[in-house]
Each structure stands twice: as structure tokens, then as C-alpha cells.
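As a plain string of letters, each chain reads:
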Amino acid sequence: MNVKDIGTALAQLREQAPLVVNITNYVVMNNSANALLAIGASPIMAHSREEMAEMMAFAGALVINIGTLDRTWIERMTFAVEQANDTGKVVVLDPVGCGATSLRTNSARHLAALAERLIIRGNSSEIIALAGQTSQGKGVDSQDASDAALDAAKQLVEQYQAQVVISGATDYIVNAEGIYTLNNGHPMMTRVTGTGCSLSAITGAFAAIGETSGLAAAAVMSVAGEIAAEQANGPGSLQAALLDALYNLDAETLSKRLKLSQLS
Amino acid sequence: MNVKDIGTALAQLREQAPLVVNITNYVVMNNSANALLAIGASPIMAHSREEMAEMMAFAGALVINIGTLDRTWIERMTFAVEQANDTGKVVVLDPVGCGATSLRTNSARHLAALAERLIIRGNSSEIIALAGQTSQGKGVDSQDASDAALDAAKQLVEQYQAQVVISGATDYIVNAEGIYTLNNGHPMMTRVTGTGCSLSAITGAFAAIGETSGLAAAAVMSVAGEIAAEQANGPGSLQAALLDALYNLDAETLSKRLKLSQLS
Amino acid sequence: MNVKDIGTALAQLREQAPLVVNITNYVVMNNSANALLAIGASPIMAHSREEMAEMMAFAGALVINIGTLDRTWIERMTFAVEQANDTGKVVVLDPVGCGATSLRTNSARHLAALAERLIIRGNSSEIIALAGQTSQGKGVDSQDASDAALDAAKQLVEQYQAQVVISGATDYIVNAEGIYTLNNGHPMMTRVTGTGCSLSAITGAFAAIGETSGLAAAAVMSVAGEIAAEQANGPGSLQAALLDALYNLDAETLSKRLKLSQLS
Numbered sequence: 001m002n003v004k005d006i007g008t009a010l011a012q013l014r015e016q017a018p019l020v021v022n023i024t025n026y027v028v029m030n031n032s033a034n035a036l037l038a039i040g041a042s043p044i045m046a047h048s049r050e051e052m053a054e055m056m057a058f059a060g061a062l063v064i065n066i067g068t069l070d071r072t073w074i075e076r077m078t079f080a081v082e083q084a085n086d087t088g089k090v091v092v093l094d095p096v097g098c099g100a101t102s103l104r105t106n107s108a109r110h111l112a113a114l115a116e117r118l119i120i121r122g123n124s125s126e127i128i129a130l131a132g133q134t135s136q137g138k139g140v141d142s143q144d145a146s147d148a149a150l151d152a153a154k155q156l157v158e159q160y161q162a163q164v165v166i167s168g169a170t171d172y173i174v175n176a177e178g179i180y181t182l183n184n185g186h187p188m189m190t191r192v193t194g195t196g197c198s199l200s201a202i203t204g205a206f207a208a209i210g211e212t213s214g215l216a217a218a219a220v221m222s223v224a225g226e227i228a229a230e231q232a233n234g235p236g237s238l239q240a241a242l243l244d245a246l247y248n249l250d251a252e253t254l255s256k257r258l259k260l261s262q263l264s
Numbered sequence: 001m002n003v004k005d006i007g008t009a010l011a012q013l014r015e016q017a018p019l020v021v022n023i024t025n026y027v028v029m030n031n032s033a034n035a036l037l038a039i040g041a042s043p044i045m046a047h048s049r050e051e052m053a054e055m056m057a058f059a060g061a062l063v064i065n066i067g068t069l070d071r072t073w074i075e076r077m078t079f080a081v082e083q084a085n086d087t088g089k090v091v092v093l094d095p096v097g098c099g100a101t102s103l104r105t106n107s108a109r110h111l112a113a114l115a116e117r118l119i120i121r122g123n124s125s126e127i128i129a130l131a132g133q134t135s136q137g138k139g140v141d142s143q144d145a146s147d148a149a150l151d152a153a154k155q156l157v158e159q160y161q162a163q164v165v166i167s168g169a170t171d172y173i174v175n176a177e178g179i180y181t182l183n184n185g186h187p188m189m190t191r192v193t194g195t196g197c198s199l200s201a202i203t204g205a206f207a208a209i210g211e212t213s214g215l216a217a218a219a220v221m222s223v224a225g226e227i228a229a230e231q232a233n234g235p236g237s238l239q240a241a242l243l244d245a246l247y248n249l250d251a252e253t254l255s256k257r258l259k260l261s262q263l264s
Numbered sequence: 001m002n003v004k005d006i007g008t009a010l011a012q013l014r015e016q017a018p019l020v021v022n023i024t025n026y027v028v029m030n031n032s033a034n035a036l037l038a039i040g041a042s043p044i045m046a047h048s049r050e051e052m053a054e055m056m057a058f059a060g061a062l063v064i065n066i067g068t069l070d071r072t073w074i075e076r077m078t079f080a081v082e083q084a085n086d087t088g089k090v091v092v093l094d095p096v097g098c099g100a101t102s103l104r105t106n107s108a109r110h111l112a113a114l115a116e117r118l119i120i121r122g123n124s125s126e127i128i129a130l131a132g133q134t135s136q137g138k139g140v141d142s143q144d145a146s147d148a149a150l151d152a153a154k155q156l157v158e159q160y161q162a163q164v165v166i167s168g169a170t171d172y173i174v175n176a177e178g179i180y181t182l183n184n185g186h187p188m189m190t191r192v193t194g195t196g197c198s199l200s201a202i203t204g205a206f207a208a209i210g211e212t213s214g215l216a217a218a219a220v221m222s223v224a225g226e227i228a229a230e231q232a233n234g235p236g237s238l239q240a241a242l243l244d245a246l247y248n249l250d251a252e253t254l255s256k257r258l259k260l261s262q263l264s
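Residue numbers (full-length UniProt numbering), protein chains in the order written: chain A, 1 to 264; chain B, 1 to 264; chain C, 1 to 264.
For the record, the hints were derived by calculation from the structure and aren't laboratory data.
Every residue, glycine too, gets a C-beta built ideally from N, C-alpha and C.
Please note: incorrect hints may appear among the correct ones.
What the hints assert, rightly or not - One-sided and incomplete, this derived list gives chain A residues near chain C with beta-carbon spacing under 8 Å: (1) T68; (2) R71; (3) Q83; (4) N85; (5) T87; (6) S102; (7) G236.
As the list claims (entries may be wrong) - Just the calculated beta-carbon pair ranges, DEER-fashion: (8) B/A251 - A/Q231: 45 to 53 Å; (9) B/P187 - A/A251: 20 to 28 Å; (10) C/D151 - A/R257: 32 to 40 Å; (11) A/A251 - B/E230: 21 to 29 Å; (12) C/R49 - B/V3: 53 to 61 Å; (13) C/E177 - B/V3: 32 to 40 Å; (14) C/A57 - A/S255: 12 to 20 Å; (15) A/T72 - B/N233: 57 to 65 Å; (16) A/G210 - B/N233: 26 to 34 Å; (17) B/K4 - A/R14: 36 to 44 Å; (18) B/E177 - C/T78: 51 to 59 Å; (19) C/K4 - B/N248: 37 to 45 Å; (20) B/V3 - C/N233: 35 to 43 Å.
Unchecked claim - Under the rule of at most 25 Å between Cα atoms (straight-line distance), these lysine to any residue pairs were calculated in the SDA-like manner: (21) B/K4 - B/N233; (22) A/K4 - A/T181; (23) A/K4 - A/Q262; (24) B/K4 - B/H186; (25) C/K256 - A/N233; (26) B/K256 - C/N233; (27) A/K259 - A/S146; (28) A/K256 - B/K4; (29) C/K4 - C/G178.
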């Protein structure tokens, strides 16, 4: 996948406006829905067992985000992943805070093992923890990528037959075919809650139209974030500018700005 | 009700600052509270059986929104509508995603049948589904109005003795006396989550001061949305500009912009 | 504590980026997380019994906010306060809507009595109700301070060995040593939901680095709100500008703007 393919995928997403079902945390439900609307997808935020099977039947993908987790939500997430499996849909797993508590680590692993078509999107400490190393989270918005994260991602690719996206100053898109790196984005994105979660949601939208590597979503989000940061005076205006940038992003801007490399 | 009456109702709302109890979905609780504050009302977001009777006793209206629905929330909504009935308060029902799943369709009908003083506010596909036609929702932010929706609204008016507001490119305000149309607003409003839900909340605020047709709320919201869209660079800045426009809206601007007609 | 101390505390907060665990209401979870990120702290929004003990072990403080309360949340809050007690952490209690219903009043008192190191942050009607007077809340965003509130705060200081912050046109910081007043802020802050809740969250961040009077947080928030209101066209733009102002605030601006007095 090259820059031109990403532009094409974005155009397709806007044309198809895929339905993405999200079971996400209380904090970022609004951000996630707005990010999906801004990029051109159709969000559904739902969680009830009573309607999940029906929803997954007509939805394009499922996004699971384990922030604000508890036993009830784990059951809901488990059931939703089962419905996604039954209907052959991709599951995007955002293991928020994985490694910070055993509840989160265990739940993330349980869901990763359950999903048949899986994309994992997290920051480096979450990816490391999910792969089995211990790492006490510094909040859920920390950002640094490292060799350890890359090794962890490779392990997850094999263990779960997953695609993995590590968010950070450099984003890594890791799968069985190789590794891409993205060097867009802006540090101020880590001072707003929900930018990673929004990326996970958009990853679901691209997966729904068949782009299951996570690359297009990471490209779109990091370029939009970079544009937004240039216009923002701080994290408050960044949040609004990010949605504007997602909405206005075109293939030409993507192509001009994107710093994409293939690592292996 | 004419344009001048709407301006008068807005002034009264700001003077009385009515308390509006909202049982709404996780995604838009923040938007709904902010829309009510911006227009000059006093929001209470609450759901617990333990305090709902007390709250409805001093509240001016109840707004029920069935996004992010589950069994527990249906029980809470049912109990709240009963309290609204007991205290003679208007219930505004926002049947989010009605038609997309049977859980939502059945719950919306159950709540509509229960409420004694009812305003229904939805988009055309939700109104059609609530009235008994089937329509698989395209997310919960779709927008198109049609003859089918108008027929459905007329049926709901009779069936539930309700007032009905259909949101779309043209808004329809339908009740036993006739039909008004509004041609304000902007398509970009559908690329932000919660604009419809905010309209439902504001409908509750006007109902609390005795304007129970839904017209004043739809007028205020669509004009504010139109102003916001003119100032916005995309859906992110639209969201902020919408609250600013609601806050700054005056009778003169309303009168100058409002495209209100009586259809029958 | 003087203006210079507040500037020093702010610099320390940004250097240490303390972890603050928040059990807050659905409406303002996003605001609270963003306010903490903007000021330089690390938010965790969590509630589950399964991970709370682990979290409080490495967290710096606990913030409890009783908006959108129910029986389940009261149990979660109770358990979290017990963990904070066991690990010697400060609890910030935001008694949203205290006085509006007996559920809220009783729960706020129960939690206040339980917490061993307590800061209470509310508006005057909430503080009055918590201290035992009755006051039917005008929504949860009302604002006026009074002698009654000051008397109530003094009582709470003694009764719970607490520090108390009363938010309003004038903020009062009340503790066993005396009373400070702050005359910054802007009335438009009351037309946005979550500004008080964000102050409570930031109070937790300062408590986590040892500033347990609530003064530094109130100073930072009211000055940032004042700056934001000067730039805003209404409550929507205020919300974004507030996060920007928190992010950009420096000791010099604080010192130039802060209207701090010692009342007794």
C-alpha cells in the first residue's frame, strides 16, 4: 500500500460511508463518533446483548475499546466479538491501559484471542503489556515507541494472526508482510484525550471497506492531527481542528504531507 | 405560532431557565447539557430510580433519548416517564436508531405509548420506523425527509396524541392542528453527533415553559446551526460555533433568518 | 500560600505529571480528562472494583464526583474511597447536585464521612446542603456564594477535617488555618457544563503533589477561565479556549491576573 492507495481508500470510505459499531469507553464515545462522522463513516455506539447480533449483521466492522472497563462491559465486548466472528467482520481492539491493571491486561488478551479477524491499535506500553511484558502505565495517553514495542507487535502478529498499529511519535504498522512507519502527527495530540481512540474507530471504518492493515487510518489521522496542531493554540482548539482536518482532508494534502516508509 | 411568538418564547425561556431532566445516551450527554445551558435552560442529567420521583416533582420536563440503550436503561426510562405522567410533565422522546434494531423500535413504541403528554423528535427514518414501517438505519445521523415520513408523523400524532418533529433538510412540525415546515439548518450538522439530540433537549426546555409544539426549539436550533455552519471550517468548529450561536441568538436574527411556512 | 507558591506548584505539577484517578459522572468525563491533560497531569478514568485497589496503589489522588449517581456508582465510589484511605491518598469530593435530592445529599455525606484526607469542592448551594441546610438545586451549575455557604464550609472543615473550596463569582478556600478568596473567573463559565467538575479534577492533581488546600487549583482554573472568556464568543468557544488557557498558563500570567486575598 502506497500513498496513492491511501487516497483511494479514503475516497472509497467517503463513498461507502460504512457502518462501524463501537463499544468504547464513556470518556471518548463522543470523540469517536465525531471522528467517524468527520472522516465520512457512519458510527453506531451500542453495547446491549439484545441488539448486538442484529447490529453486527449489517455493520461493517466492530471497534472494542477497554477504557472504563468492568465485568459488565467485558461480557458485552465478548458477546460482540462473537457476533463479529459469526458474521466475518473485523474487530479493532484498543487495549486502553493494558498493563496498568491485571483486569485490563487479562481482558485485552481474552478479547484478542477471541477475535478471528483482528487489528490491534495501541501505544507502545499497551502493546508491550499485551504481548506479555509488564509495564505500569503512565495514564492512558503516554507515548513512546521503541524496539521493545516493535518486538511485542511482531509477537502479537504471530500469536493472534493480527495486524498491529503502534501509535507514537513514529507510528508503526506491523503485520505478517512487514513494517511501515509513519512520521506525521504532533506531540500535542497526546494532551487531548481520545485521539488514539479516534484512530481506532477510524481503523474500523477502513477495515469495513477492506483496508485491514490499519495503515490508511493511521496515515489519515496523523496527517489530520499535524494540520490541526499547526492551527491550534492548545489542546482545546486542537480537538476541534482535528475534526475539521479529518473532514477536509483530501488525497493531494495526504500525498504532500505523508512521511511513510517501509521498514522491512 | 409565528416568528414573533418564537422570539417571545425564547425570551421567556431565558428568564425562567427551566429545569429539564434528561435521560440520554452516553455519547451526547455533554452536548445536550451544553445546548441547554447555551440556550438558557438548566439541565439535570440523572437516571436513578432512587431520585427520579423527587426530580420530576420540581423539573419542568423530561427528555428521553434511546441511544446506547439496554435493559437497565429501559427500566429507568419507563420509571421516569411514569413520574413525568404523575406530575403532569411533558415527555420528549428521541427514538435514536428506531428501526435499526427491534430493541430500539420496541422500546421507543413502549415509551411513546406510556407518555401522557408526548413530543416525538426524530429523523425521517426513525419516525417511519416508529410508526410501523421497517427501515434499516444508516447509522443514527441520517437525514432525509419524505412523504412517507410525513404520513408516519400524522399517524403518530393520532396514535399517541403526540406532537411530532421530523428533522432533516426540511424540518416538519406536525400536530393535530396542522403542519409547519422549516428550511433553515445546514447539511454539515449531520456530520456532528448530537445535534438532533440537542434539539430534543431544547424541545424539552421549551415544553417546560408551555411551548409544546416543538416548533420554537426546531426554529432556534436550525437557525443557530445555520449561523454556526457559516462560521465553521468543519464539524469540529461547527460544534463550538453552534453553542455560541445558541447563546447569542436574539429575536431579531431569528426573525430575519427563519424560513417558516405552514403546510396545512 | 501566596501567588508565587501557586506558580511553583504549577511547575511541579507539570514536571511530575501525577496520576489522578477519577470516578466522575458520564457528562463530564471527557472534560475532566482533558482538563487534567491540559494542565499537565495524567488522568485515569476508572470505576471497577476489579482494578481500583491496584490503581489507587500507584495513583496520586482520587476524585469523586456524584453527578449521574445511582446505587452501583455509590458502591464503586465507596470502595474507591476505602482504597484511597488504605494508601493514604487524598480524596476530592465534588457533591454535584447535593441538596437537590436526598440520594445525592446522603451519598455525599456518606463519602465525606468515609474519606480520611478530604477536599470538598462545590458551589454554594451544594456546600450548604452538605452541611445540613436544605436547598433545592437550580440545576447543577448554579453559582452564588454567601455568608451561609461560608458558615457551612467552616462547619464541614471541622466535621470532616476537610479542606473546602466554594466556587462562585468569588471563590472561597476554607480550611482550619483560615479563608482565602479569589476574584477571577467569568460568569460565562457557568454556561458550560463541567467547569466545576474540571476544577475538582485539577484539585486532585495538585493534591497528588502535596498542595492539598485546593487554592492552587482554584487559582489556575479561575485565571484560565477568565482568559478563555476574553477570547470566546460564547460557551462553545469558551470550552476549547479554557483547555488552551490551562495548557498555556504560566507563572507570570498567574501572578499578573490573580486577585487573591486572605479573609481571615
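Structure-based check of all given hints:
no.: 1; hint: T68; in the structure: holds, 6 Å
no.: 2; hint: R71; in the structure: holds, 7 Å
no.: 3; hint: Q83; in the structure: violated, 24 Å
no.: 4; hint: N85; in the structure: violated, 25 Å
no.: 5; hint: T87; in the structure: violated, 29 Å
no.: 6; hint: S102; in the structure: holds, 7 Å
no.: 7; hint: G236; in the structure: holds, 3 Å
no.: 8; hint: B/A251 - A/Q231: 45 to 53 Å; in the structure: violated, 35 Å
no.: 9; hint: B/P187 - A/A251: 20 to 28 Å; in the structure: holds, 22 Å
no.: 10; hint: C/D151 - A/R257: 32 to 40 Å; in the structure: violated, 60 Å
no.: 11; hint: A/A251 - B/E230: 21 to 29 Å; in the structure: holds, 27 Å
no.: 12; hint: C/R49 - B/V3: 53 to 61 Å; in the structure: holds, 55 Å
no.: 13; hint: C/E177 - B/V3: 32 to 40 Å; in the structure: violated, 58 Å
no.: 14; hint: C/A57 - A/S255: 12 to 20 Å; in the structure: violated, 48 Å
no.: 15; hint: A/T72 - B/N233: 57 to 65 Å; in the structure: violated, 40 Å
no.: 16; hint: A/G210 - B/N233: 26 to 34 Å; in the structure: holds, 30 Å
no.: 17; hint: B/K4 - A/R14: 36 to 44 Å; in the structure: holds, 42 Å
no.: 18; hint: B/E177 - C/T78: 51 to 59 Å; in the structure: holds, 53 Å
no.: 19; hint: C/K4 - B/N248: 37 to 45 Å; in the structure: holds, 39 Å
no.: 20; hint: B/V3 - C/N233: 35 to 43 Å; in the structure: violated, 24 Å
no.: 21; hint: B/K4 - B/N233; in the structure: violated, 32 Å
no.: 22; hint: A/K4 - A/T181; in the structure: holds, 16 Å
no.: 23; hint: A/K4 - A/Q262; in the structure: holds, 15 Å
no.: 24; hint: B/K4 - B/H186; in the structure: holds, 23 Å
no.: 25; hint: C/K256 - A/N233; in the structure: holds, 21 Å
no.: 26; hint: B/K256 - C/N233; in the structure: holds, 21 Å
no.: 27; hint: A/K259 - A/S146; in the structure: holds, 18 Å
no.: 28; hint: A/K256 - B/K4; in the structure: violated, 52 Å
no.: 29; hint: C/K4 - C/G178; in the structure: holds, 19 Å
Of the numbered hints stated above, those contradicted by the structure are hints 3, 4, 5, 8, 10, 13, 14, 15, 20, 21, 28, listed in ascending order.
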